[in-house]
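Protein chains: 2
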Amino acid sequence: MSRWICRVIALNLLWSVITSCIACSAVPARADEGMWLFNKPPAKALRERYGFSPTQAWLNHLQRSSIRFGGGSGSFVSSDALVLTNHHVAAGAIEKLSTPEKDLLQNGFYARTRDQELRCHAMELNVLINIEDVTARVHAAVKGGMGSAAAFQARRAVMNTIEKESTDKTGLRSDVVTLYHGGLYHLYRYKKYTDVRLVFAPEQAVAFFGGDPDNFEYPRHDLDVSFLRVYEDGKPAKVEHFLTWSQAGAAEDELVFVCGHPGRTDRLNTLVHLKFLRDCVLPASLDRLRRREVLLTTFSQRSRENARRAGQELFGAQNGRKARLGNLAGLQGPVVLARKKAQEDALRQAVQKDPKLQAAAGQAWDDVAAAIKIWGGIYQELELLENDAAFNTRLFGIARTLVRLAEETTKPNDKRLREYRESNLDSLKHMLFSEAPIYKDLETVKLADSLGLLMEKMGADNELVRKVLAGKSPQERAGELIGPTRLEDAAYRKELAKGGLSAIQSCQDPLIVLARLVDGPARAVRKVHEETVEEPLRQAYAKIAEAQFALYGTDLYPDATGTLRLALGRVKGYTEFDKPVPPWTTMGGAFQRAQEQDNQPPFRLPASWLAAQDRLKLDTPLNFVCTADIIGGNSGSPVVNRRGELVGLIFDGNIQSLSRGYAYDDQQGRALAVHASAIKEALRKVYNASALADELGR
Amino acid sequence: MSRWICRVIALNLLWSVITSCIACSAVPARADEGMWLFNKPPAKALRERYGFSPTQAWLNHLQRSSIRFGGGSGSFVSSDALVLTNHHVAAGAIEKLSTPEKDLLQNGFYARTRDQELRCHAMELNVLINIEDVTARVHAAVKGGMGSAAAFQARRAVMNTIEKESTDKTGLRSDVVTLYHGGLYHLYRYKKYTDVRLVFAPEQAVAFFGGDPDNFEYPRHDLDVSFLRVYEDGKPAKVEHFLTWSQAGAAEDELVFVCGHPGRTDRLNTLVHLKFLRDCVLPASLDRLRRREVLLTTFSQRSRENARRAGQELFGAQNGRKARLGNLAGLQGPVVLARKKAQEDALRQAVQKDPKLQAAAGQAWDDVAAAIKIWGGIYQELELLENDAAFNTRLFGIARTLVRLAEETTKPNDKRLREYRESNLDSLKHMLFSEAPIYKDLETVKLADSLGLLMEKMGADNELVRKVLAGKSPQERAGELIGPTRLEDAAYRKELAKGGLSAIQSCQDPLIVLARLVDGPARAVRKVHEETVEEPLRQAYAKIAEAQFALYGTDLYPDATGTLRLALGRVKGYTEFDKPVPPWTTMGGAFQRAQEQDNQPPFRLPASWLAAQDRLKLDTPLNFVCTADIIGGNSGSPVVNRRGELVGLIFDGNIQSLSRGYAYDDQQGRALAVHASAIKEALRKVYNASALADELGR
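Protein sequence lines correspond, in order, to chains A and B.
Last residue of the first sequence: 704 in this note's numbering, with the numbers rising by one and none dropped.
Last residue of the second sequence: 704 in this note's numbering, with the numbers rising by one and none dropped.
Incorrect hints may have been included.
Pairs count within a copy or across copies, as identical chains cannot be separated in the list.
Dumping the calculated DSSO-like pairs for lysine-lysine here, alpha-carbon to alpha-carbon at most 27 Å [said to hold, decoys possible]: (1) K281 to K473; (2) K478 to K347; (3) K281 to K463; (4) K362 to K102; (5) K197 to K170; (6) K585 to K446; (7) K379 to K504; (8) K463 to K379; (9) K473 to K347; (10) K623 to K500; (11) K281 to K478; (12) K347 to K463.
Simulated from the structure, these hints should not be mistaken for laboratory data.
Required output: the full structure, derived from the provided sequences and hints.
Okay, here's the thing in structure tokens:
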């Protein structure tokens, strides 16, 4: 679900049962709603509802114990920089450490001693050190009378400058984060770690027990856990802030906190915008995901080694498909849209009644509609050419990055595409020069399919399509592009990157030639999107957000942005089809579920578990649910109690929670976590990993 | 592959290696090309190339030993009406005879005595008794000056009349078959059998060994065989014509014949038509098939019983996907279209040079293009509403059939939709009142997905879509349609059908109500398609076919039409990626392939085979290939030698043969057959079915 993390938009298969609040106000007011900023915690709600007032020290400790993964979350859990996250967050790295002989995803891994810990390819972890409000400086860069393109440029320029100044001064990774759709701009400074080593991973069969059928469902029985360790100067880092392990875990109805990096919410989305997602974005991306799923499934079926090579990506496609199907189902039902319409009508009426607000924001909904219309016109080309649907391979991604890196780094920082800004270059090169293996057989199959998609969607007679295919069939063309390329060799990539623009321009590697060919049209459609869709949407939503602020006060949290947030909630079951769903499952329940399903994959427990069954305390809680407001990106987030102790590890949301892209609801929507007790029980009794369990405290 | 049978259109993944014939003439001239009529066999070619002249008695015997299945083929192999066909042709019937406790598909079946033979639900077999040329009478019905709609009506009316007269007179099922796209009309009279019983089926694991990965591939190792028996008056029928079992099988390079029911070829298709298939029909149907495949896979993964319920349909979706992917790949490459263009240019030039031909057919290519353009405009609506993409469930199919049956049978025979003509009514009712089980859980999941597709494609605000969904989400609506319907009860269906139009019009069963709602728009788009696409295409292709006749003589066979044809060829291997592919595989090869694939499904041989391994003569040929011109629909066709003895059983074509929808090529394209010797060896030594083996002769 690490990919779900940053892409989920929303839905609720069972929205239809939630009909009570259609006419509620535009202000968020549901019990435990909110993904709060660490520098603006929900102090009032905590005090009034739970009688709890976190101190600044409590907040700081939690913040600095928390870790940002690319698209996921984690936390330090020992002074020797031991990191806890989900198995599925680390799975990409685990796959890259695997070989045909030693499949760590399937068989699991445990480094009994530190020297057995395996360094992950291209993994970067970040810890948020501090936050600075730079709103005034960013706003000041946009002068009255600027068009939207100029405003976009001006804002990006000043953000780049602020980031560069900060990095130069502090040595910390510095990102300016856009909050409240441009209502606020905060500078986030991170300590970055790039030497990350694998300590422990269970077998995927138990980490993702129940597979696709149980994904996004509850009750669940997953040990979706892995441990990594951060190194500095070749030694385990020493960290001041880490979470202590709770002895008992959380009790029913107890207040808990989730601290992680929700990727994205769109709770301001207008009705027109939601309909566009329903009618265009979700169906189209589902068609692409299903296509990928079928392709990777057939590739995987040809041999066990093929299955290993394609495994993580197949999981990503299935996971994305299930999440989006949930999303779409929510939007295809009547309730979500009716509720959005009622909220929108209420807000627009309130805006109309206030002449100042009307002047500032009255036009914003129509602006959204106009931008969406343009988006609809370029959606397909944008996905194909710029978002790589037509070239869906790692090698093409590398080729494009090399081509753009050479060109962009000849420009001043503020004129570059955002991912080539100075502040991003280190991370980008870290990925670009990764030694992780690339499988040309899989790349060929994927590129052939992608080129076929290009031909279907843009037409065989399109000039660019003809140039890309060069008179060949998609299969044949994919073979002659992937076969001879040398880009799978990291040393060759480094050499090309070092050679700069002239090396790239004279390079005859077929994928570099293709990337050069496609770059013009891809940049062109990206520019249209950035300037006539993204920027107008950003401005319009900023106005709507501003109007909300003005009307309903400061009791609001911003939409998720992949940055650190604090959510609160209770450990609490719910009711489904008139039956109570209890808040816990147990380790014994996993054995029972396996038995019910004839021990067939994906319901087959690994041999280690079967061997340990008699030793295990079977009533140990395995998974639990809470009402905290999370979304994709929260995977791997620690769940802590009032004392800041770790009681669980977020790994999923149930299907009723997928609507949270657009709206929070706690009637049935729940965050799913692995219970702290099960992790320790499994480490000691299934995996005989007592050194690791001891490191978590006794 | 029984579904492949009637739907494959074509392709060749490796067309690109066949570049030699781009400029060849429009006349078919390749060595063993042709799907010949039994009343117009390729006498000259057989005599000249093979020195063989079949007698009328030889032809008659083969014809009356051959059996037409719905979408497949078979043959009589004993005087007690024992029928040989593929496992996959009978699989639908076998599935319907299975229960959760007794899964005959998975476990196989053998009736050791006649009283254990199981009667199949709704199976109808037909044996072609004779053929009469009725061209003059059909042509005479179309008067000069008639528009295309009127011509269509007039032709259908006279065909209905001819069929009805024949049935009344002979008691035989009588179908007028359109050959040469209307160049000839032949009346086919069949003896129909409806009491068909299952005698033997192996486990699906060996019938479809290699599953989707090996499907349409070669070398292969499949025992794709089943035996049925036809009963009359509760006793095994006595048949005069049946095939005797060859002792030795066929030798390499030996002449063989395939006698079966190729479903459809489109070898006259114009360039514009092929491009339409490439750009619209194939991509759209692939999207639907992948969607169905993913849906049925996720349904199947939830439990073993689910997998059993959805198994055949999932197989159909995968099979269709693989066939169409091959098709599309052929059309997306440059060779097929370049060759078609060269042929078309040559034919058009020849037509232009002859004023009479030019007057008759010169316009035909433009007529095709005009009809295709209309087709493109209605394609989506036609698929959704009339071809049931929006209501893809058995129960809706039943509801629609009941609604239309009530209405159509109030009309004169010649005014009816074709499937409700008197000549079809028996077969239609046989299907409609079948007692085969229907699973409401699977039906609900499928209908929800179909209704979601309808909403995506026609838009949530479309008036018909709104009426169909009645303010609910697709999931919820599917539940309230499938939940209370009583149509799964065959007795209720009979009662409704008996009640006629008034019963249907007052019926409140939710699916009947839905079928009534949809029927108007569905009929409307069908009418547009029949009158402005099908009929103009039929007329235009008849003109092109006529011009070909006139220019190149009578040395031509007609496109396949699902009726009995004779193909000829040699048992012959081929070369692929510079390596020879031998014509045979052996039973021992199956064990070897299983071992290479770690004995994991779909490469796991059943326990019966593993237990018999030491007893088997492992060098017994298992599968073989020949050059005969076959296509989907030929599944289950007998392969016979000059003496008319059965040497094999067609079960598939290799991927290079899938282009045969548009063009025959024998460089790599091959028909795949199960060898007669392997069938006997397996019956005796794996299944201990000596009574059955003895019935095939010693």
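Evaluated hints:
For the homomeric pair K281 and K473, the shortest alpha-carbon distance between copies (19 Å) is at most 27 Å, but the shortest distance inside one copy (36 Å) is not. Only between protomers do K478 and K347 lie at most 27 Å apart by alpha-carbon distance; the minimum there is 17 Å, versus 50 Å within a single protomer. In this homomeric assembly, K281 and K463 come within 27 Å of each other (Cα to Cα) both inside a single copy, at 22 Å, and across copies, at 14 Å. Taking the closest pair of Cα atoms, K362 and K102 never come within 27 Å of each other, the shortest separation being 56 Å inside a single copy and 71 Å across copies.
With identical chains, the CA atoms of K197 and K170 are at most 27 Å apart within one copy only, with a shortest distance of 15 Å there and 86 Å across copies. Proximity of K585 to K446 under the C-alpha cut-off of 27 Å is restricted to the inter-copy arrangement: shortest distance 22 Å between copies versus 50 Å within a copy. For the homomeric pair K379 and K504, neither the shortest alpha-carbon distance inside one copy (42 Å) nor that between copies (53 Å) is at most 27 Å. When the C-alpha separation of K463 and K379 is checked against a cutoff of 27 Å, the pair qualifies both within a copy, at 19 Å, and between copies, at 18 Å.
In this assembly of identical chains, K473 and K347 lie within 27 Å of each other by CA distance solely across copies; the values are 21 Å between and 46 Å within a copy. Taking identical chains as interchangeable, the C-alpha atoms of K623 and K500 are never at most 27 Å apart, the minima being 52 Å within one chain and 59 Å between chains. Only between protomers do K281 and K478 lie at most 27 Å apart by alpha-carbon distance; the minimum there is 16 Å, versus 39 Å within a single protomer. In this homomeric assembly, K347 and K463 come within 27 Å of each other (Cα to Cα) only across copies, at 23 Å, whereas the closest approach inside a single copy is 33 Å.
When each numbered hint is compared with the structure, violations occur for hints 4, 7, 10.
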